[in-house]
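Student: Here the numbering used here is used: the first residue of the sequence shown is 34, the next is one more, and so on.
Any given hint might turn out to be false.
[Said to hold, decoys possible] The calculated DSS-like cross-link candidates involving lysine-lysine, where the alpha carbons are at most 30 Å apart (straight line), are: (1) 61 / 160; (2) 176 / 47; (3) 113 / 135; (4) 244 / 75; (5) 165 / 232; (6) 208 / 176; (7) 115 / 227.
These are computed hints drawn from the structure, not numbers from a lab.
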Amino acid sequence: MKNNTVFVLLAGGKSERMGVAKGLLRYKQTFWILEQLNRISKTTISEVFIGLGYHFQHYFDAIPWLETALENEVDYQGLKVKVIINPTPELGSFSMLQTVLKNLNTSFNVLLNHIDIPLLNSEELNKIISTKNKIVVPNFEEKNGHPIKLEPPFWNSLLRIDINHKNARLDYQIKQLSISDVSKINVKDSNILKNLNTKHEWLSYLNEINKI
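Hey, can you work out the whole structure from these sequences and the hints?
Tutor: Set out below in structure tokens:
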């Protein structure tokens with residue numbers, strides 16, 4: 034069943050500590066960015082927007098259809114994929130988020146994730162997608178994680194924030210909301226708390242997967 038939620042995957046960081054674009058790390062027989070798309074393809078979402086910044090040419094060299102997706106939607110695993118490049122990646126992740134959001138239908142819900150956070154299982158992803166509130170976050174053992182679902186009234190307001198303002202941070206903007214505007218979905222998947230920034234963290238994650 035289709036819905037009005039689109040998936041936004043931010044993969045425009047510099048990846049200094051990893052030493053390579055995180056989405057191009059090898060995961061089993063594919064690239065990590067494609068594994069993330071494979072996971073979202075098992076949900077009710079049908080449309081994906083990928084934000085690239087630093088290393089965008091590396092992505093295009095490794096996965097040529099991503100460059101095609103700059104101009105035209107590309108079908109991948111039943112998903113309609115569009116790529117957007119942030120011309121000012123040095124301004125940080127909020128700049129990347131704003132750049133992508135400017136390209137969305139203003140009535141869509143957004144399921145937001147970063148490339149270095151593994152997506153959780155499809156059953157729990159669909160719970161997040163189907164829950165209605167300004168903000169919906171997964172919660173594992175009293176800790177919030179990603180992906181985060183944003184409803185239009187909230188994410189449209191993010192576009193009006195000056196990127197140079199001290200409050201130009203998604204976490205800060207969410208903290209300004211009332212408790213009733215944020216729904217927490219209890220999940221059994223600890224992936225929501227991971228942040229794969231270094232080679233050590235990546236290898237540890239791969240070892241966990243191989244044990245399953």
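Student: Would you mind marking each hint as holding or not holding in the structure?
Tutor: Consistency of the hints with the structure:
no. : hint      : in the structure
1   : 61 / 160  : holds, 27 Å
2   : 176 / 47  : holds, 27 Å
3   : 113 / 135 : holds, 18 Å
4   : 244 / 75  : holds, 23 Å
5   : 165 / 232 : violated, 37 Å
6   : 208 / 176 : holds, 15 Å
7   : 115 / 227 : holds, 26 Å
Checked against the numbered hints listed earlier, the structure breaks hint 5 alone; every other hint is satisfied.
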